[in-house]
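Produce the complete structure using the sequences and hints provided.
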Amino acid sequence: MSEARAGGRIVAVGGGKGGVGKTLVSTHLALAMAERGQRVLLVDADLGGANAHTVLGIAPPLVTLSDVVDRRLSLADVAVATPFANLRFVSGALDDIAAANPQHASKLRLLRQLSIVEADVVVLDLGAGTSFNTLDFFLIAHTGILVVLPEPTSVENAYRFLKAAFFRRLAIVEKAFGIKDLVDEARAQRNKLNIHTPADLLKAIEKRNPDAGRHLRLQMGRFVPRLVLNQARTDLNGDDAHVAHDMASACRRFLGIQLEVLAILPDDEAVRRAVRARQPLRNVAPDSAIKKALDQLAEAVLVGPVENEAAA
Amino acid sequence: MTTSAAPPPGTTADPSEIPDQPRGGGATWYEVLDLTPQASQAEVQRGYERALDLVEGRTIGGYFLLDPVAVESARSDIESAWAVLSDPGKRSAYDARLGAAPTLLPQESSPPRHPRIDHDEPEQPSAPERVPPPSAETPPSHSPDVTASLKPRPSLRFLKPIDDKRPVITFAPPKTDPAMRIGAVPTAQTSALGAVPTAQTSAQPEPPVPALVATATVLPQAVMPPPVTALPSSSTSNLPSLPTPPSSSGLFALEGEVNGQLLKRLREARGLSLEAMVDATKIRKPYLAAIEEQDFENLPARVYLRGFLMTIGRVLKVDKTKLAEGYLAFVARYGK
Chain A
69 MSEARAGGRI
79 VAVGGGKGGV
89 GKTLVSTHLA
99 LAMAERGQRV
109 LLVDADLGGA
119 NAHTVLGIAP
129 PLVTLSDVVD
139 RRLSLADVAV
149 ATPFANLRFV
159 SGALDDIAAA
169 NPQHASKLRL
179 LRQLSIVEAD
189 VVVLDLGAGT
199 SFNTLDFFLI
209 AHTGILVVLP
219 EPTSVENAYR
229 FLKAAFFRRL
239 AIVEKAFGIK
249 DLVDEARAQR
259 NKLNIHTPAD
269 LLKAIEKRNP
279 DAGRHLRLQM
289 GRFVPRLVLN
299 QARTDLNGDD
309 AHVAHDMASA
319 CRRFLGIQLE
329 VLAILPDDEA
339 VRRAVRARQP
349 LRNVAPDSAI
359 KKALDQLAEA
369 VLVGPVENEA
379 AA
Chain B
5 MTTSAAPPPG
15 TTADPSEIPD
25 QPRGGGATWY
35 EVLDLTPQAS
45 QAEVQRGYER
55 ALDLVEGRTI
65 GGYFLLDPVA
75 VESARSDIES
85 AWAVLSDPGK
95 RSAYDARLGA
105 APTLLPQESS
115 PPRHPRIDHD
125 EPEQPSAPER
135 VPPPSAETPP
145 SHSPDVTASL
155 KPRPSLRFLK
165 PIDDKRPVIT
175 FAPPKTDPAM
185 RIGAVPTAQT
195 SALGAVPTAQ
205 TSAQPEPPVP
215 ALVATATVLP
225 QAVMPPPVTA
235 LPSSSTSNLP
245 SLPTPPSSSG
255 LFALEGEVNG
265 QLLKRLREAR
275 GLSLEAMVDA
285 TKIRKPYLAA
295 IEEQDFENLP
305 ARVYLRGFLM
315 TIGRVLKVDK
325 TKLAEGYLAF
335 VARYGK
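For the protein sequence lines, the chains are A and B, in the order given.
Each residue of the first sequence is one higher than the last, beginning at 69 in this note's numbering.
Each residue of the second sequence is one higher than the last, beginning at 5 in this note's numbering.
Careful, some of the hints might be misleading.
As the list claims (entries may be wrong) - Here are a few chain A residues that sit away from chain B, every Cβ distance over 12 Å (derived from the structure):
#1 GLY105
#2 VAL131
#3 GLN171
#4 ARG177
#5 ARG180
#6 ALA196
#7 ILE247
#8 ASN259
#9 ARG320
#10 ILE325
Claimed, not checked - List of simulated lysine-lysine pairs, BS3-like, C-alpha gap at most 27 Å:
#11 LYS275(A) to LYS94(B)
#12 LYS326(B) to LYS268(B)
#13 LYS286(B) to LYS326(B)
#14 LYS286(B) to LYS231(A)
#15 LYS286(B) to LYS321(B)
#16 LYS275(A) to LYS243(A)
No wet-lab data here; the hints were simulated from the structure.
All C-beta atoms in this analysis are idealised placements derived from N, C-alpha and C, irrespective of residue type, glycine included.
Here's what the structure looks like:
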């Protein structure tokens, strides 16, 4: 891995919907990477409903992201040590409504700090929903992970999240490359031109201006969200893994978004035990299938390619 | 070559109505159906059904993928893909257009692209590029193999050919297997058309470049069957006999003329109300009613009708291809 970047590799874990296992995945990723000797900073960026500290089994730190949003402290100041070697933790804002919806300038400052903070890996545990705040955290990440359950509600929210993230990134790219007018023009005519999906929009732009279109396509082609299907079962009714593969295929074919299936995590009661024990899963159920699968996920993220660069 | 996998008569209208290339995400008609150019007719058919299931939200993985307007747009791509790829003549013309300079690996009859749910198979080595056959002669893989798509399936929604064979971390079946797969560096999948990467993961993904020049944007117009003039006499004397119990294939046999009455009797024999059928098929009630009532004027556009009939056949546990072809033939015979 190249260490050319100033900060660490940013891994964001989102998913659109609450309760799909974002915190499970992000805390475990952080712990597994720390165990492999990476200096990890876990940031609970669920600004409205932070609870990664509970999953880690530590007391909520006294300083939180609120203090960074308020400009009282820097990100490094609020990163507290944990009982786990190589892992530092930044707590989300716990009861601070203002911090849950930071001003644009505060947010930019936070994003900048995330990208230069002293760490090998920064893991972001994102909140639910598709607010700009959540999307922007997802988009600055080098690896953006979407956690989904094999349930219609979760799949529906995941598609919403993907489309919103795509268009958010498009807005950033079009501004950066001075082709905002072109994109706006296509967008303004979206009914006339039959533009309903990201793929339609890119095609329309490409038709209008092949050079700009190709460039845009290249930029947007770097948006490769990773899919983690959680609570997957294999039984007489079939194999839930197909949900993940269906989603990837559908995204490619009908949305023009490359979604890559990164992991299929088993439905495992060990997760419930760990949450109730308020201890990390890897301590409560070290031999569980889910723990092993999550370890492999961490490994895969570490050795995997760096994506989504130049988004911010 | 049987005609069962070919488009129903009259479905594929004037070729000029089929756009040159997909409007949506896929770069080629093959990609729209998630196929390679080597796909057999049976695979084309399966790809077509799966694609409809996805965009119409009949599988979990496709749930709310698209908003209602976008569904129509995607559907027209799928129908165009079907119209081109299910017709051997159109398909080889399209292949010729696509493969300007194809070279071919030696290839046995039909590529192994059957439904698989086994993710724990060893990784395929980074496949060499696969490109369409060079010669004009139709490769053997085009020969229809309809039976493959008619095998009993425990649950259709989950059984699909997994084309995405890139490494995925998955959990081992409960017991022993320590060899959980590591999704290390995903290998870029070689695409249907050598030059068009479908899912590249390197830092510099060259985006798929449409192989065809975008000229036509004309959508295939919905082909409505003409109004009914003469319905077949539906006296009770020639009521169709109900299918015999399931064969070893798990499907009920389908005999005699396939018409609305038969569909209705089949449904009732399964103990399904029209409403239950709406639930099971996700097809709107007026369409289901029109199909059963042989109300040709109110049938859905023919290109959709086929998909609906396949779905109905699936729910009724009969040979759905036979049902669809039979009913479409019935409409063709009496609908004008």
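The hints, checked one at a time:
The Cβ of GLY105(A) lies farther than 12 Å from every Cβ of chain B, with a closest approach of about 18 Å, so its non-interface assignment holds. At the 12 Å boundary, the C-beta of VAL131(A) stays outside the reach of chain B, the nearest C-beta of that chain being 35 Å off. Even its closest Cβ contact with chain B, about 32 Å, leaves GLN171(A) beyond 12 Å, as expected for a residue assigned away from the interface. Every CB of chain B is more than 12 Å from the CB of ARG177(A) (nearest about 28 Å), matching its label as outside the interface.
The claim that ARG180(A) lies off the interface holds: its Cβ sits roughly 22 Å from the closest Cβ of chain B, which is beyond the 12 Å cut-off. The beta carbon of ALA196(A) sits about 16 Å from the closest Cβ of chain B, which is more than 12 Å, so the claim that it is off the interface holds. No beta-carbon of chain B comes within 12 Å of the beta-carbon of ILE247(A); the shortest separation is about 15 Å. For ASN259(A), the condition that its CB be more than 12 Å from all CB atoms of chain B is violated, with the nearest at approximately 9 Å.
Against chain B, the non-interface label of ARG320(A) is violated: not every CB pair exceeds 12 Å, the least being about 6 Å. Against chain B, the non-interface label of ILE325(A) is violated: not every CB pair exceeds 12 Å, the least being about 8 Å. The straight-line distance between the Cα atoms of LYS275(A) and LYS94(B) is roughly 26 Å, inside the 27 Å bound, and the hint therefore holds. Using a Cα cut-off of 27 Å, the hinted pair LYS326(B) and LYS268(B) holds, with the two alpha carbons roughly 16 Å apart.
At roughly 21 Å between alpha-carbon atoms, LYS286(B) and LYS326(B) fall within 27 Å of each other, so this suggested pair holds. With a CA separation close to 25 Å, the supplied pair LYS286(B) and LYS231(A) stays within the 27 Å bound. Distance restraint check for LYS286(B) and LYS321(B): the Cα-Cα separation of roughly 16 Å lies within the 27 Å cut-off, and the hinted pair is therefore satisfied. As the CA atoms of LYS275(A) and LYS243(A) are separated by approximately 20 Å, the hinted pair is consistent with the 27 Å bound.
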